[in-house]
Amino acid sequence: MPNELLGNVTLSYLSSYIDWSQNSGELVNRATDDPLVSHNPFKSNRQFIKLEQSFNKQLVNSSEIFGDQKEFSLREKMKNSAEALLDCLPDKISLRLTDEGSIFYTVIKGDLKVYLQHFLIDEFDESDEAILSIFQGDDNLLNYAGELSEVIVQFSTFFSSKNISVRQLA
Amino acid sequence: MSLPKKITPSNLKEAVVEIKYISDLPFEVLVGIFFKALDDTYKYTNRPLQQLPFRQGLQAKLGQEITIRVGHPSLFYNDKISIQLSENTFVFTSLDEYIGWQDYKPQIEKALQQLMSTNHVKKCTRVGLRYISEYAGKDLKDCINFSFSFGLPQVQSETTAFRSEFIYNGTKIILNLNNKVPFIRQQPSARQVEITQVSIVDIDVIADNLEISDLDQLLKTIEENHTKEKEIYFGMLKKDFLQSLNPEY
Chain B
1 MPNELLGNVT LSYLSSYIDW SQNSGELVNR ATDDPLVSHN PFKSNRQFIK LEQSFNKQLV
61 NSSEIFGDQK EFSLREKMKN SAEALLDCLP DKISLRLTDE GSIFYTVIKG DLKVYLQHFL
121 IDEFDESDEA ILSIFQGDDN LLNYAGELSE VIVQFSTFFS SKNISVRQLA
Chain S
1 MSLPKKITPS NLKEAVVEIK YISDLPFEVL VGIFFKALDD TYKYTNRPLQ QLPFRQGLQA
61 KLGQEITIRV GHPSLFYNDK ISIQLSENTF VFTSLDEYIG WQDYKPQIEK ALQQLMSTNH
121 VKKCTRVGLR YISEYAGKDL KDCINFSFSF GLPQVQSETT AFRSEFIYNG TKIILNLNNK
181 VPFIRQQPSA RQVEITQVSI VDIDVIADNL EISDLDQLLK TIEENHTKEK EIYFGMLKKD
241 FLQSLNPEY
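Residue numbers (this note's numbering), protein chains in the order written: chain B, 1 to 170; chain S, 1 to 249.
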């Protein structure tokens, strides 16, 4: 939605200039960049719904890739990785299902591009695995592969350190 | 003053309608009842619990890692709007770009009819309607009757944030004007990002301390809030700027 209104232009100012806590403009401390307070929940919900719609649509045509795995289970797995990525308040996010039985996410956040491949493992007691790469232009800032939960920690740590580095008190 | 029915472009970034209500049932139970009451055009989804690291300073002080898990509201959506359900609150937003009041209002009305048909929404206590418009690369002074000065007249503000709360025809208004806010803009094909400016008009119309149990009265209040929002928005616009928006009456 916010991305689309200006065509291909990415907007990221709303997260820091408008308070969304009560669906009203009531003023809170703007010095914070705590996403709980300052981010636009409607944009995030829209992105989540769009990801879910895209996933469901692709799954109809790719169900053979995932064998006997239940659609409900696949959808819930997708929600977990999508939710983790949405935590960085992306400007744009999209996904596609691959022939390898994974979800490949592309995320744009400011001048950063994030690629996350989430492999949907067909084992009840095994964790899903994932590969994460983060780029700034041509510079590869982070590569990590492992269990999805570990990859999410790396992703969150990367973005929380980014936030801290730009926070200024005066 | 006659109010336009449509302007192009609308420049609307968000159009939020929030209704606070009181129910006789716990929220966890209500979600299931609302799920059953809404027709098949609505899809239900819920976002997983989010695990957030606690603030680093506190973590270092306590010497242990702390995370908090935050639940998201339940969501219903169709091809035009989404409905966010949280405790005692319905929040309506458009799913994509703003669809215009002539389409948006019937969507809200249809959903409210179904939600209130459960007879578990005992009364509605607050109706908020918030419209946020943005103007990329524009100075608000060129769009609306807006000037701001303070005790240093020689100062030329690069960015201005103005906020006013007032009562307009018995309804609370929170008006936020942000002029030339810098933001990061990136074209997908470009490697470099650029800092540009955008101006924002944020009008929040709040009818509070209500005791509405009747759907017609609720819809009337929503309509009144929308009319007041339009009166304030169009009342602020400069005539030549309004003409540039191709108003249709």
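Just so you know, the hints here were simulated from the structure itself, not pulled from any lab data. This structure is a prediction, so every number in the text was calculated from the model and none was measured. Each hint should be verified, as a subset may be incorrect.
[To be verified] Dumping the calculated SDA-like pairs for lysine to any residue here, alpha-carbon to alpha-carbon at most 20 Å:
1) S:LYS5 with S:ILE195
2) B:LYS113 with S:ILE195
3) S:LYS138 with S:MET236
4) S:LYS20 with S:THR118
5) B:LYS77 with S:HIS72
6) S:LYS43 with B:ASN56
[To be verified] Far from chain B by the CB rule (all over 12 Å, computed), these chain S residues:
7) GLN154
8) TYR168
9) ILE212
[As the list claims (entries may be wrong)] Some chain S residues judged to face chain B by a derived CB distance under 10 Å, without partners named:
10) ILE33
11) PHE35
12) LEU75
13) GLN84
14) SER94
The beta-carbon is built from N, C-alpha and C at its ideal position, and this holds for glycine as well.
Verification of the hints:
no.	hint	in the structure
1	S:LYS5 with S:ILE195	34 Å, violated
2	B:LYS113 with S:ILE195	18 Å, holds
3	S:LYS138 with S:MET236	15 Å, holds
4	S:LYS20 with S:THR118	16 Å, holds
5	B:LYS77 with S:HIS72	17 Å, holds
6	S:LYS43 with B:ASN56	12 Å, holds
7	GLN154	24 Å, holds
8	TYR168	15 Å, holds
9	ILE212	18 Å, holds
10	ILE33	22 Å, violated
11	PHE35	16 Å, violated
12	LEU75	6 Å, holds
13	GLN84	6 Å, holds
14	SER94	8 Å, holds
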